Amino acid sequence: MTHLKVEGITKSFDEKAVLKGVSLELKEGELVSLLGVSGGGKTTLFHIIAGLSLPDEGHVYLNGEEITGKPGSVSYMLQKDLLLPYRTIVDNVALPLLIKGMKKTEARKMAGEYFKLFGLEGTEKQYPSQLSGGMRQRAALLRTYLFSNRIALLDEPFSALDMMTKRGVHEWYLKVMDDIHLSTLFITHDIDEAILLSDRICLLTGSPGRITKEIVIKEPKPRDKDFNISKEFMEYKREILKHLEGI
Amino acid sequence: MNASVAIQTLPEAKNDEELIRIVDQVIDYIKSTGLNYYVGPFETAIEGDYDELMDIVKECQHIAIRAGAPSVAAYIKVTYGRKGRYLPLKRKSQSITSKLWSCSAVFGLLILWQGISSFGLVDRFLLPSPISVGRAFVTEFPVLAVNAGVTLAEAFTGLFLGVATGFVIAVIMDHFEGLYRAFYPLVVLTQTVPTVAIAPLLVLWFGYGMAPKVILIVLTTFFPITVGMLTGFKSVNPDAVNLLKSMGAGRVKIFRYIKLPGAMGQFFASLRISVSYAVVGAVISEWLGGFGGLGVYMTRVKKSFSFDKMFAVIFLISAISLLLMKGVDMLSKKCMPWDKQ
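Protein sequences appear in the order of chains C and H.
Position in the first sequence (first residue = 1) + 1 = the numbering used here.
Heads up: the second sequence at position 61 corresponds to 47 in the numbering used here, and the numbers run straight through without jumps.
Simulated from the structure, these hints should not be mistaken for laboratory data.
Predicted model, so just to flag it, every value in this text is computed and none were measured.
For glycine and all other residues, C-beta sits at the position ideal for the given N, C-alpha and C.
Keep in mind that the hints are not guaranteed to be accurate.
Subject to a maximum C-alpha distance of 30 Å in a straight line, what follows is the list of computed DSS-like cross-link-like pairs (lysine-lysine) [as the list claims (entries may be wrong)]:
| hint | chain 1 | residue 1 | chain 2 | residue 2 |
| --- | --- | --- | --- | --- |
| 1 | H | LYS17 | H | LYS44 |
| 2 | C | LYS176 | C | LYS232 |
| 3 | C | LYS176 | H | LYS319 |
| 4 | C | LYS105 | C | LYS28 |
| 5 | H | LYS220 | C | LYS104 |
| 6 | H | LYS319 | C | LYS110 |
| 7 | C | LYS81 | C | LYS222 |
| 8 | H | LYS231 | C | LYS28 |
| 9 | H | LYS44 | C | LYS117 |
| 10 | C | LYS81 | H | LYS231 |
Chain C residues, not near chain H, derived (Cβ > 12 Å throughout) [to be verified]:
| hint | residue |
| --- | --- |
| 11 | LYS28 |
| 12 | HIS48 |
| 13 | GLU58 |
| 14 | THR69 |
| 15 | SER74 |
| 16 | ASP92 |
| 17 | ILE100 |
| 18 | LEU118 |
| 19 | PHE148 |
| 20 | SER160 |
| 21 | ASP163 |
| 22 | LYS176 |
| 23 | PHE228 |
| 24 | LYS238 |
| 25 | HIS244 |
| 26 | LEU245 |
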């Protein structure tokens, strides 16, 4: 079943075309990566899907209902964790629930139930400055999840982490995703990350950006973290690089 | 917090670069725990809960091995004490001698002062000795206390209204960009008029009661608050605002969850300034006439040439200002537990 449908998005800033006729679909429980160079219009596309800005042309549908320019239906996570320094982790994570109008005690309780699943137990009453980078991203992801357990837009969520932390987070993420079935649209410029995590990869290339290729990663889930040193993995990587360099 | 440890990690390494690299990873780990720590050339001291510290100490060796050391040795020192009996790192390393220096400097100046008036170098009635000032303070204390009460009542009323006004103005100006552009320069302009200069005018308009004093204090205290809060509001992270928007938050919720708490630090910094302005404002406006207060008391002792009492009241006023500022610092620590400084 198609969950999120993006149709013919075109957007320019000051006469400069950034996106041209971008369409994509996200099925339930699927993880689709949007892979492309930095500054290629990926973040603009996310802003449009999140309803933060309007496209010049095109539409965004969630379960058949148009949500173009309407924030509040899909959740959004950035490279920076954006945890508010003056709120404890549980209060940060519960923020989307409070914004939806839930009572404080109720929101804390609901958020608290997920701490174990996200490997955050014991951090409830700590402040973000007391957590490591990997843990902060986990908290940010839980906040994203609590906002909408249907669709998450993740904009390079792990790119600020160092290599080893990133590897640990990937391993954790693959496991957690298997438990929570979140439909995810994932921006990255890291080819390995895209292949490791995705069901499908859309290559967004050129200027203005458009989707020029779609690659299905057939490896079953949950994936082993050593998938990224396998032969199949290298095949996918070669295919992607060939396409990116060919343009 | 009931314990501290010091750990010197000695990983086996091919050369100095390798050694430093591995030790740095251990230090990075210690930093990431969010505990109080102090890195020295030989070892790193960490402060926290005993069990937690032991876990960290244990992990340090794992980190060194994972960072590539074939083996690791460590020297570990521990202090652990019952609640209240534990000596914190900060106090341990605080220099007692530097405090001693400043204390002895103050003491030395007092002796010098006492000497000047004892030996009659300056006329005793012009510069009373510290001892006579102290004596005046004690004998006049009941009178001083009553007057201080009046001054403090004015200062607090004015400060409260000033802070409230400053806050409201900041919120309104932040909300309406047009108002900000129109009135912000005007607000700045009001500050170029010395408040002392308009004090006599206020007395003429509002009499010798509390009203002119409170108005003067409001005029001097609202400005730092407005400027501070506006700076705080304007410096919020636009990404955080976008994030809340994407969650469907409107302006009110963005204000409540991001702008307001984000401006707290600025607010307390401004409040610190406003508090001292309030006390000074109260005293100055009392000079121009009133029925009580430290300013009125000052003009009275001036007329009777009681310089000892004059000095006593000056010390009292600065003590009050200092105490209030200290109070603001404590309040800000209480209200912003996330702020480690």
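Notebook entry, point to check: Are LYS81 (chain C) and LYS231 (chain H) close enough, with their CA atoms no more than 30 Å apart?
Noted result: 16 Å, holds
Check: Taking 12 Å as the cut and beta carbons as the points, is SER160 (chain C) off the interface with chain H?
Finding: 15 Å, holds
Note to self: What's the verdict on LYS231 (chain H) and LYS28 (chain C), does the C-alpha distance respect the 30 Å limit or exceed it?
What the structure shows: Cα-Cα ~25 Å, so holds.
Margin query: Please check whether the beta-carbon of LEU245 (chain C) is more than 12 Å away from every beta-carbon in chain H.
Written below: For LEU245 (chain C), whose nearest Cβ neighbour in chain H is about 28 Å away, the distance exceeds 12 Å, so it holds.
Check: Taking C-beta pairs only, is LEU118 (chain C) more than 12 Å away from all of chain H?
Finding: At about 21 Å from chain H, LEU118 (chain C) clears the 12 Å cut-off, so the statement holds.
Next item on the list: Please work out if LYS176 (chain C) and LYS319 (chain H) have their alpha carbons no farther apart than 30 Å.
Entry: 40 Å, violated
Checklist line | Distal placement of THR69 (chain C) relative to chain H, Cβ over 12 Å | finding: 14 Å, holds
Next item on the list: Verify the proposed pairing of LYS17 (chain H) with LYS44 (chain H), using a straight-line Cα cut of 30 Å.
Entry: 15 Å, holds
Checklist line | Non-interface label on ASP163 (chain C), tested against every C-beta of chain H at 12 Å | finding: Violated: least Cβ distance 9 Å, not greater than 12 Å.
Notebook entry, point to check: Is the nearest Cβ of chain H still more than 12 Å from the Cβ of HIS48 (chain C)?
Noted result: Answer for HIS48 (chain C): violated, closest chain H Cβ roughly 8 Å.
Next item on the list: Would you check the hint for LYS176 (chain C) and LYS232 (chain C), treating anything up to 30 Å between C-alpha atoms as holding?
Entry: 22 Å, holds
Check: Does the claim that ASP92 (chain C) lies off the interface hold, with its Cβ farther than 12 Å from every Cβ of chain H?
Finding: Contrary to the label, ASP92 (chain C) does not stay out of reach of chain H, its closest Cβ about 10 Å off (not over 12 Å).
The structure fails to meet hints 3, 4, 12, 15, 16, 17, 19, 21 from the earlier list, while all remaining hints are met.
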